[in-house]
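Line order of the protein sequences matches chains A and B. All residue numbers for the first sequence refer to the working numbering, where the first residue is 1 and numbers rise by one. All residue numbers for the second sequence refer to the working numbering, where the first residue is 1 and numbers rise by one.
Just so you know, these hints were derived from the structure itself, not from any lab. Treat the hints loosely; a few may be bogus.
Calculated from the model, a selection of chain A residues having no Cβ within reach of chain B, i.e. all distances over 12 Å [as the list claims (entries may be wrong)]: (1) 4; (2) 30; (3) 69; (4) 78; (5) 92; (6) 161; (7) 212; (8) 233; (9) 264; (10) 290; (11) 291.
Only some residues are given here: those of chain A computed to face chain B with a beta carbon under 8 Å [claimed, not checked]: (12) 13; (13) 15; (14) 32; (15) 138; (16) 248; (17) 271; (18) 283.
Pulled from the structure, derived: some chain A residues nowhere near chain B, Cβ distances all over 12 Å [what the hints assert, rightly or not]: (19) 49; (20) 74; (21) 97; (22) 115; (23) 165; (24) 175; (25) 182; (26) 213; (27) 237; (28) 276.
Glycine included, every Cβ here is placed at the ideal spot set by N, Cα and C.
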Amino acid sequence: MTKYIVKRVLLSLVTLWLLVTIVFLMSWALPSDPARAILGPFADEKLVEDFRETFGLNDGFLEQYFRLLKGLVTFDFGLSYGTKKPVWDVLAPTLWRTAKLATLAMIITTPISIFAGLVAAKFRDRRLDRGIVLTGLATSSIPEFVTGTLLAVVFGVKLGWFKAVAIIPEGTPPLEQLNYLFLPAMALAIVYFGYIARMMRAGTIQAMDSDYTRTAAMKGLSSSQVMRKHVLRNALAPTITVMSVQIGYLVSGIVGVEVVFNYPGFSQALLIAVKQKDLPVLQVAVIISALVYMVATLTADLIIAWLNPRIRLEMGN
Amino acid sequence: MELDDVNSETAIEPAMQSSSMMIDATPNVLEQSLAERKQARKERWRLLRRRPGFLIGAIIVIFWAFCAAFAEKIVPYNPFDDRDKRHMPPSSDHWFGTDQTGRDVFSRVLTGARDILLVAPIAAILAVIMGTLLGMIMGYFRGWTDNILSRFVEAFLALPVVLVGLYVLTLASQSDMLQTISFNSRNILVIYVVAVLFTPIVARTVRAAVQGERDLDYVVSARLRGESSMFIMTREIFPNVTGPIIVELTVRIGYAIFTVATLSFLGVGIQPPSPDWGLAISDERAVLAAGIWWPVTFNALAIITLVVAVNLIADSIQAVYQK
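Put together the whole structure using the sequences plus the hints.
Structure (structure tokens):
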């Protein structure tokens with residue numbers, strides 16, 4: 001198991017290095033002159049030169065590349081073009097708020113989706129199953145910002161049950177914060193419901209049809225015991241994989257939702273960066289979210305290996 | 001079951017063609033295998049037509065494609081004309097009301113299908129072509145080629161599409177290089193970005209499908225016959241992995257619509273004055289709180305009907321191919 005973990009972590013580091021290199025190369029493949037783009041075509045040549053000097057744009061290819069790689073360890077990614085503050089200081093506070101929203105969405109969607117998947121598998125090919133599968137297909141194919149917008153229209157504006165704008169005033173007690181966070185979290189939860197429920201359904205059906213489940217039932221275990229000890233345990237593996245991938249996509253999907261509800265998270269920093277052509281902030285944002293995806297999938301793989309002794313032993317060799 | 005039969009039959013077909021000793025039975029075997037393949041195709045089409053999800057999805061997609069093609073001929077107003085009557089609620093004159101500059105929302109929603117139905121499918125098709133090439137090479141050669149390419153694919157898969165879209169489109173909009181090669185059309189840029197970001201996902205699927213084929217007897221015999229790798233990949237393996245590729249294409253079109261709509265909503269995708277749906281939602285959502293719900297809601301419904309329809313089709317095709 002240790003060997004497996006070490007191997008996976010090392011491979012992830014290689015992937016991370018490649019990914020950072022790809023992102024870095026993108027800015028060289030599309031050569032641009034940020035100083036001119038930001039200061040305008042009529043700016044004084046002296047100003048432009050100062051800008052390039054401040055942000056290290058006069059440095060060579062390798063110098064800039066190694067500076068970015070070093071930043072991954074030191075969290076020093078240089079200065080943001082727009083705010084002139086360190087990139088990490090611009091992004092860090094917003095990341096925390098985004099993590100809060102993402103966690104709430106996962107807490108809402110996980111139990112509901114797993115339960116719905118189990119129910120669908122149990123009533124396979126009946127009307128209830130069809131309903132759950134179709135709902136999942138529909139909700140997961142609609143972009144998050146559309147779901148969020150409709151939730152805001154119906155529950156925020158028309159019915160007024162929750163806040164349609166998720167700007168939380170300073171000093172709001174945690175429970176009252178839910179009032180602001182509920183609709184954006186629901187928008188995300190609805191989209192991820194489909195993916196998780198479908199995978200849980202498929203995993204459960206596969207486990208229910210297997211020989212070991214039949215054996216367990218025939219040796220006289222009660223159906224709840226069969227479900228708990230044999231079916232659930234095996235059905236969870238693919239579900240965990242899908243959930244980890246969804247956590248990765250959550251970072252992307254959350255951008256649209258945050259914008260809809262004016263939530264001051266990650267995406268607000270991103271949209272400002274787009275307007276100001278603040279490439280360092282965007283670059284680091286891409287790398288951070290890729291990192292989140294990689295950590296999530298790696299964790300999922302390890303959990304699955306730990307859950308399943310067969311994989312655990314196989315991978316050790 | 002049927003698919004397996006078809007696979008083993010088609011294996012004979014090229015083998016016979018290249019054999020120097022033609023025996024009398026050859027034309028019959030050939031004809032038989034072709035006929036069986038046609039039969040399988042017919043059977044799949046029959047199964048597809050019987051699925052309500054496919055029919056509903058197809059009707060909706062055809063409706064939007066029709067709007068995209070003939071919008072000028074059917075809309076009641078010019079979708080780009082500003083009028084004095086701003087933010088008028090839905091009425092018999094303006095079925096979906098008017099927007100912030102008094103444009104007719106109904107006309108704009110119908111015309112709004114155009115850009116996204118061009119950009120998203122073209123991006124998906126490009127991604128499937130590039131991904132198929134890459135996936136075939138990875139699956140066929142294995143070893144070091146596959147190992148190295150797989151690392152790249154994995155790195156790309158970790159990149160969140162929307163964020164990279166924001167980054168690259170911002171980068172490209174100020175790049176001198178792109179401006180000089182007459183790259184003023186933003187849509188082409190969006191197509192390229194989405195296509196490149198989707199390519200590794202397609203490659204992974206195709207790679208898996210090719211790996212399932214490459215050790216089967218028909219491939220081994222082609223190799224023993226001394227056929228080139230190129231020939232084996234294009235003429236032997238490719239015809240047998242078209243199923244997963246077609247499924248991947250329909251699924252990718254759905255995701256491409258999803259992605260392009262999101263990028264447009266965030267302001268880096270399709271640009272004004274296009275009546276694009278994502279763009280319209282982004283422009284009009286500020287007035288939601290004032291109770292002006294119609295511009296946002298009708299555009300949102302347009303996106304929903306299109307993506308759900310495409311996904312219903314993709315889902316049905318997947319189900320039929322997996323039977």
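For each hint, the structure was consulted:
1. Residue-level check passed: residue 4 of chain A sits 17 Å from the nearest beta carbon of chain B, beyond 12 Å.
2. Its beta-carbon lying about 4 Å from the closest one in chain B, residue 30 of chain A breaks the requirement of being farther than 12 Å from that chain.
3. Residue 69 of chain A, annotated as away from the interface, keeps every beta carbon of chain B farther than 12 Å; the closest lies near 14 Å.
4. With a minimum CB-CB distance of about 16 Å to chain B, residue 78 of chain A clears the 12 Å threshold, and the non-interface call stands.
5. Distance to chain B confirms residue 92 of chain A as a non-interface residue, since its nearest Cβ pair spans about 17 Å, more than 12 Å.
6. In this structure residue 161 of chain A is separated from chain B by more than 12 Å, as the shortest Cβ-Cβ distance comes to about 15 Å.
7. Non-interface call for residue 212 of chain A relative to chain B: holds, since the shortest CB-CB distance, roughly 24 Å, exceeds 12 Å.
8. Every beta carbon of chain B lies more than 12 Å from that of residue 233 of chain A, the smallest distance being close to 26 Å; the non-interface claim holds.
9. Residue placement check: residue 264 of chain A keeps its beta carbon more than 12 Å from all beta carbons of chain B (closest about 16 Å).
10. Its closest Cβ contact with chain B, about 4 Å, brings residue 290 of chain A to no more than 12 Å, contrary to its assignment away from the interface.
11. The beta carbon of residue 291 of chain A is not kept farther than 12 Å from every beta carbon of chain B, the shortest such distance being approximately 8 Å.
12. Annotation: interface hint on residue 13 of chain A violated; nearest CB of chain B at approximately 11 Å, more than 8 Å.
13. Satisfaction of the interface hint for residue 15 of chain A is found here, the shortest Cβ-Cβ separation to chain B being roughly 5 Å, below the 8 Å cut-off.
14. Satisfaction of the interface hint for residue 32 of chain A is found here, the shortest Cβ-Cβ separation to chain B being roughly 4 Å, below the 8 Å cut-off.
15. At about 5 Å, the closest approach between the beta carbon of residue 138 of chain A and any beta carbon in chain B falls short of 8 Å, and the interface hint on this residue holds.
16. Residue-level restraint check for residue 248 of chain A holds (minimum Cβ-Cβ distance to chain B is 7 Å; threshold 8 Å).
17. Given the 8 Å rule on beta carbons, the hint for residue 271 of chain A holds: about 7 Å separates it from the nearest Cβ of chain B.
18. Given the 8 Å rule on beta carbons, the hint for residue 283 of chain A holds: about 6 Å separates it from the nearest Cβ of chain B.
19. Distance check on residue 49 of chain A: its Cβ is at least 18 Å (rounded) from any Cβ of chain B, clearing the 12 Å threshold; non-interface status holds.
20. Distance check for residue 74 of chain A against chain B: the nearest CB is about 22 Å away, which clears 12 Å, and the non-interface claim stands.
21. No beta-carbon of chain B is positioned within 12 Å of the beta-carbon of residue 97 of chain A; the least distance is around 17 Å.
22. No Cβ of chain B approaches the Cβ of residue 115 of chain A within 12 Å, the least distance being about 22 Å, so the stated non-interface status holds.
23. Not every beta carbon of chain B lies more than 12 Å from that of residue 165 of chain A, the smallest distance being close to 7 Å; the non-interface claim is violated.
24. Its beta-carbon lying about 24 Å from the closest one in chain B, residue 175 of chain A satisfies the requirement of being farther than 12 Å from that chain.
25. No Cβ of chain B approaches the Cβ of residue 182 of chain A within 12 Å, the least distance being about 17 Å, so the stated non-interface status holds.
26. Every C-beta of chain B lies more than 12 Å from that of residue 213 of chain A, the closest at about 22 Å, which supports listing it as non-interface.
27. Annotated as non-interface, residue 237 of chain A keeps its C-beta farther than 12 Å from every C-beta of chain B; the closest such distance is 18 Å.
28. Non-interface call for residue 276 of chain A relative to chain B: violated, since the shortest CB-CB distance, roughly 9 Å, does not exceed 12 Å.
Hint violations for this structure: numbers 2, 10, 11, 12, 23, 28, all remaining hints satisfied.
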